[in-house]
Amino acid sequence: MSTLDFSTTIGNAWFPAPTFTASGCASSGRELAQFFPLREMGGVVTKSVMSKVRPGRPTPRMAETPSGMLNSIGLQGPGIDAFLAKDVPYLVEQKARVIVSIAGETVEEYSTLARKLRAVSGISAIEVNISCPNVESRGQVFATDLETSKRVIDGVRRTIGGELPIIAKLSPDVTDLVSIARGVVDAGADGLALINTVLGMVINVDTMRPHLGGKTGGLSGPAIRPIAVRAVYQVHAALPNTPIIGMGGISSGKDALEMILAGASGVSIGTASFGNPTAIMSIQNELKQLLLDRGFTSLKQAVGYAHRPIEGE
Amino acid sequence: MQINKAAKQLLAPIVSNKKVGQYHQIIINIGDVAASCKPGNFVAISVGGESSRMVLRRAFAISRVSTSAAVGGTMELIVAPHGQGSKWLCAQGEGVVLDVVAPLGTAFGIPTEPVPVLLVGGGYGSAPLFGLAELLNSRGCRVDMLLGASTGTKIYAPMEGKRAVNSMRIYTEDGSMGTAGRVTDPIPEIIKDLDIAVIYSCGPMPMLAAITKITKEFDVVHQCAVEESMACGIGICMTCVLPVENEDGTVSMLRSCIDGPVMDGSRVQWSEVGKQL
Chain A
1 MSTLDFSTTI GNAWFPAPTF TASGCASSGR ELAQFFPLRE MGGVVTKSVM SKVRPGRPTP
61 RMAETPSGML NSIGLQGPGI DAFLAKDVPY LVEQKARVIV SIAGETVEEY STLARKLRAV
121 SGISAIEVNI SCPNVESRGQ VFATDLETSK RVIDGVRRTI GGELPIIAKL SPDVTDLVSI
181 ARGVVDAGAD GLALINTVLG MVINVDTMRP HLGGKTGGLS GPAIRPIAVR AVYQVHAALP
241 NTPIIGMGGI SSGKDALEMI LAGASGVSIG TASFGNPTAI MSIQNELKQL LLDRGFTSLK
301 QAVGYAHRPI EGE
Chain B
1001 MQINKAAKQL LAPIVSNKKV GQYHQIIINI GDVAASCKPG NFVAISVGGE SSRMVLRRAF
1061 AISRVSTSAA VGGTMELIVA PHGQGSKWLC AQGEGVVLDV VAPLGTAFGI PTEPVPVLLV
1121 GGGYGSAPLF GLAELLNSRG CRVDMLLGAS TGTKIYAPME GKRAVNSMRI YTEDGSMGTA
1181 GRVTDPIPEI IKDLDIAVIY SCGPMPMLAA ITKITKEFDV VHQCAVEESM ACGIGICMTC
1241 VLPVENEDGT VSMLRSCIDG PVMDGSRVQW SEVGKQL
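Going down the list, the protein sequences come from chains A and B. In terms of the numbering used here, the first sequence is residues 1 to 313. In terms of the numbering used here, the second sequence is residues 1001 to 1277.
With the rest of the complex left out, here is chain A:
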């Protein structure tokens, strides 16, 4: 029986497996913990937290679409203080590796959040979510603008110093993703999370109005997987040394392998967990087997393998 080094690294953070929850798809962690031990996956990426308590958007917040779903939660959450008091200690106690995801309405809010995280023990990395589509004004999606994206990451980097790895979560809803990826890496991001949901809409033909309370929502699930694979492939080609956590519709080990081959060093699972609470565990086991079947002895060998030159050329 051949062995496989399944571990991955993002900045100075080491994870025994390349599998993570996607931010906003694991709530506090307790909800998934009754189906499998959280420490058995690579890590938990927590729901993007803001400075204050946030009620989120009105219902309906969800619409199933072909091979996917639209959500419009609007970053409902307890605020950073309650989150640090209740949720982080629980995850640490479960021996889960924790990536805390933060979201702000202003460049300053991100820095304020980062400051609160500086002294918290048990955190492996920070995800800076600059791409949530469910905010009141689409103009607030920092990741659609190169300059504001850089300012957010630069502010977080300066605040937390050089210790905790920073992962910037980007939106695919841009013309030139590579330039934004390069910009945030230059500004101090150690890794990238690709992709956030794709902005969409469903109109109810009975009421003849937008179905979601927030009108627009983020499309996730297998419907967006090819967009995610493309995004990861393009960014990895331009920034081969920057670790990427790939996500968007991964629901099987084969889907995860596709993302790894495109250039992801890890994968996040979101919508698949909604349909199957133990999805992350089966994806992890399937991915391990698929890598072994193809003769890889480490996950790292497979990262970006789809980019290799065609023999004889």
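FYI, nobody ran anything at the bench for these hints, they're computed from the structure. Do not rely on the hints blindly, as some may be mistaken.
Per the computed footprint, the stretches of chain B lying under chain A, defined by three or more beta-carbons under 8 Å from a beta-carbon of chain A, are [what the hints assert, rightly or not]:
1) 1004-1011
2) 1043-1055
3) 1265-1276
Have a look at the derived ranges for each label pair, beta carbon to beta carbon [unchecked claim]:
4) N204(A) with G1181(B): 27 to 37 Å
5) A1091(B) with E40(A): 47 to 57 Å
6) T112(A) with T1153(B): 55 to 65 Å
7) R308(A) with Q1084(B): 41 to 51 Å
8) R1053(B) with R308(A): 27 to 37 Å
9) H307(A) with G1072(B): 24 to 34 Å
Virtual Cβ for every residue (Gly too), placed ideally from N, Cα, C.
Chain A is fixed; fit chain B onto it per the hints.
Showing chain B alone in chain A's frame:
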């Protein structure tokens, strides 16, 4: 937050699937899990099979559970085939193995004293009330029941359901079955006549809101099972929220899959549903 710690994911075969009026009565073998299902709990089922384009589970109220020597533990669902997922489920026959997660959510609270209670069901929302009626009856409560729907064919009232109830009255808006009118019309009178202590309800949101108005006026406890569209059923997607008043008077968006489906009707802010908090 009150996660149902009894929840398990399992592969469960369909024992039978019968058409009952406009609904399907589906019995599923869930083995030992039946013992941890309480009236009010629900189940989340994968639909559409392996290659389906439906990626989300569907949530159904567990209408009752039973245990027999021949089949083991089973649960009964009453399903209206109106969406893609429920239509798929209703088309599955005996022996088909389903991926289920159960039991989920909160259960109806049972009074510590044997008090008179009223059960109110709207449409097939009445289904979980029959198992509840049996439990309340076994605890010595006097159980009366009101069923309502827009029309008679949408009333779900199995013959054996009458065993555990003292009386059952049916209301339809078009008068095609029982009394013409809304199921909420006779509630104030019944509360006074029978000295009702608790109302248990399950059905569409306007009905639950109307009952809350009455129970607040008469100071009667209202335990209602809400129905809000869910993506996951296990508390991780945050889509199925309702505005609910906290102890301190503030309002929070609570998940109907974790803090519900059974909620204290007097705390749900019915007029705020669908609005920005």
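- [ ] Please flag the earlier hints that this structure goes against, numbers listed from lowest up.
- [x] Violated: hints 5, 9.
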